Amino acid sequence: MTSASNKHLVLNAWKVFATRDPHLVRDVFAPDAEWLAPADNATARALDGTHHLVGRDRIVRFLTEEFGTVFVDDVRVDFGGVYADGDTVVVETRLRATLANGGRYDNEYCFIFELHAGRIRRVREYMDTQRGAKCFASAVTA
Numbered sequence: 001m002t003s004a005s006n007k008h009l010v011l012n013a014w015k016v017f018a019t020r021d022p023h024l025v026r027d028v029f030a031p032d033a034e035w036l037a038p039a040d041n042a043t044a045r046a047l048d049g050t051h052h053l054v055g056r057d058r059i060v061r062f063l064t065e066e067f068g069t070v071f072v073d074d075v076r077v078d079f080g081g082v083y084a085d086g087d088t089v090v091v092e093t094r095l096r097a098t099l100a101n102g103g104r105y106d107n108e109y110c111f112i113f114e115l116h117a118g119r120i121r122r123v124r125e126y127m128d129t130q131r132g133a134k135c136f137a138s139a140v141t142a
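When the letters of the sequence shown are read in order and numbered with UniProt numbering, they come out as residues 1 to 142.
Derived DMTMM-like pairs (lysine to aspartate or glutamate); straight-line CA-CA distance at most 25 angstroms:
1. 7 x 85
2. 7 x 78
3. 7 x 128
4. 7 x 34
Simulated DEER-style distance windows between Cβ atoms:
5. 57 x 117: 13 to 21 angstroms
6. 40 x 1: 30 to 38 angstroms
7. 12 x 68: 14 to 22 angstroms
8. 106 x 5: 27 to 35 angstroms
9. 117 x 52: 17 to 25 angstroms
10. 2 x 102: 42 to 50 angstroms
11. 2 x 48: 39 to 47 angstroms
12. 23 x 79: 23 to 31 angstroms
13. 27 x 102: 31 to 39 angstroms
14. 4 x 100: 32 to 40 angstroms
15. 101 x 27: 30 to 38 angstroms
Derived from the structure by calculation, the hints contain no laboratory data.
Source: prediction; values computed, not measured.
Note that CB positions come from ideal geometry on N, CA and C, so glycine has one too.
Full structure from sequences and hints, please.
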C-alpha cells in the first residue's frame with residue numbers, strides 16, 4: 001500500500017473507533033496487534049488496567065467497552081498533522097471529553113500506527129501524562 005492509502009486507512013480507523021461497534025473495530029486490527037501507551041497513564045489507572053494492550057480482542061474491548069466508561073460524554077477528537085512513510089502513519093490529535101467523575105479532559109496525543117497487509121499491527125501512543133492525571137484529579141464538586 002502507498003503512504004497516501006495508509007493515511008486514509010488510519011483516518012478511517014478513527015471513524016470506526018468512534019462507532020464503538022466491536023465487529024467493525026475488530027476488522028481494522030491484525031490478530032496479533034498491540035497498543036502501547038505510557039506506563040501508569042491516567043486512563044489505565046482509571047480502568048485499573050494496563051498500558052500495554054496485547055491482541056486484537058483486548059484492544060477491541062478497550063475501544064468499544066472500557067473507553068466509554070471513562071470518557072462518558074462530549075467526546076471530541078481533533079486532528080493535527082497526519083504523516084505517513086510507507087507502512088508507518090503518525091497522527092497528532094487532541095482529545096476532549098467529560099470524564100466519569102464529572103471533570104473535563106483535554107489532552108494532546110501523538111500516535112504511531114504500524115500497518116501490515118492493510119491492518120493495524122501496532123499502535124504506540126504518546127501523551128502528556130501529567131496533564132492527563134490533573135484532568136482526572138479535577139472532579140466537579142457540588
